[in-house]
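*Asks:* Chains as they are written, first to last, in my numbering: chain D, 43 to 213; chain L, 7 to 229.
For the record, the hints were derived by calculation from the structure and aren't laboratory data.
Careful, some of the hints might be misleading.
Some chain D residues well away from chain L (every beta-carbon gap over 12 Å; in silico) [what the hints assert, rightly or not]: (1) Val132; (2) Glu171; (3) Gly195.
One-sided excerpt, in silico: chain L residues whose CB lies under 8 Å from chain D [to be verified]: (4) His10; (5) Leu13; (6) Leu23; (7) Val118.
Listed below are the simulated DSBU-like cross-link pairs for lysine-lysine, each with C-alpha atoms no more than 30 Å apart in a straight line [claimed, not checked]: (8) L:Lys19 / L:Lys103; (9) L:Lys103 / D:Lys93; (10) D:Lys93 / L:Lys19.
From the three backbone atoms N, C-alpha and C, an ideal C-beta is built for every residue, glycine too.
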Amino acid sequence: MSTSATPSQTVGPYLSIGLTWDEGPHVVTADAPGAVWLRGEIRDGSGDVVKDALVETWQSDPSGRFHTPGFRGLGRCATDDDGRYAIRTVKPGVVQDQAPHLDMSVFARGLLHRVVTRVYFADEPAANEADPVLVRVPAERRGTLIAERSPDGYRFDITLQGPDETVFFSV
Amino acid sequence: MTVHPPLLSPGYKSTILRAPHQAPILLPPTLTELTGPVLGEGPVAAADADLTVDGTGEAQGQRIVVHGQVRDTDGRPVPDTLVEVWQANAAGRYLHKWDRHDAPLDPHFTGVGRTMTDAQGNYRFVTVKPGAYPWGNHPNAWRPAHIHFSLFGRAFTQRLVTQMYFPDDPLFAYDPIYHSVPEFARDRLVAGFDLGATVESWALGFRFDIVLSGAAATPMETR
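Generate coordinates for the entire structure from the input sequences, incorporating the hints supplied.
*Replies:* Below is the structure:
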């Protein structure tokens, strides 16, 4: 038996009452070895910040494994009044033959379906060069998938629409 | 044919500046996509599935039971997966700082619920029927009564956020969010009245089954 799926709908403007919890942004504790902050802001097609979005991340642990006991792997953070999110995590390991990466979903009012992107790391140039997913992306757009080093971790901004539009994937 | 709405659905004005212009790039699922969060045991308590009591009193409104089964597109139940819901109160007001609708808040209703599906993929909430509410999309715009649902499924590919509507709502005809879904699939967002789930002298029952698409790894493949 095969049936088709339930259609997606937007999270709407009030997603924060249903989808946020205090520990959501903390994939790891503050004292975890290698803990970093992944921070960024989300902008729309007019350059305005998106104050009612939710970012979710999913990743392996630093050894490239999923579902390790004690490692949730999920990060979740609503954007604040300046359109910013922040997730405390560790850099993931190598999964299969891929460069270290996180999967990221973005939900918001005005997004009738989540959009999916990937976060790669600027300090992994050789691995990024060989990554089987990045090579599918036109070279001039790959930069939108690379998180830059920042004082307390990495920075990854998202542009939903326009000339600097972030690369989104269908999964 | 996809059941999902196109990201650009101009009748819903908020899509105009938020829908990406570029087509998405196909990502053949790797282990990262074939796995997903396992959120068992942790933060969910049995009381989180009853939105009508908060410890100090009972919510106002028509008490309802909303239940159903979570399955994948092959018909297999999805057990032990987190189901999150949020909604307006019976007067059509959300407990959110940006909701300025001139309708009363209910001191005994937060509008937030969580539960895990059981071994057969079934879930059940007790809540009150949310009210319709006005919004600024177009003149005299009102959203049909709905409950927001969020599901993780077994894998990142299966993540779904949707809205459940109630049968025979006259506002369907005017709602661009409901209409963003291809016509053949719209009825999948509408719960059915369920006399079997109706509790005598206490609450009306509604059934809303949810089907998740997307590939998933078996647990043996995730290491």
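*Asks:* So, for every hint listed, does it hold in this structure?
*Replies:* Taking the hints in turn, this is what the structure says about them:
no.	hint	verdict
1	Val132	15 Å, holds
2	Glu171	17 Å, holds
3	Gly195	20 Å, holds
4	His10	5 Å, holds
5	Leu13	6 Å, holds
6	Leu23	4 Å, holds
7	Val118	5 Å, holds
8	L:Lys19 / L:Lys103	22 Å, holds
9	L:Lys103 / D:Lys93	13 Å, holds
10	D:Lys93 / L:Lys19	16 Å, holds
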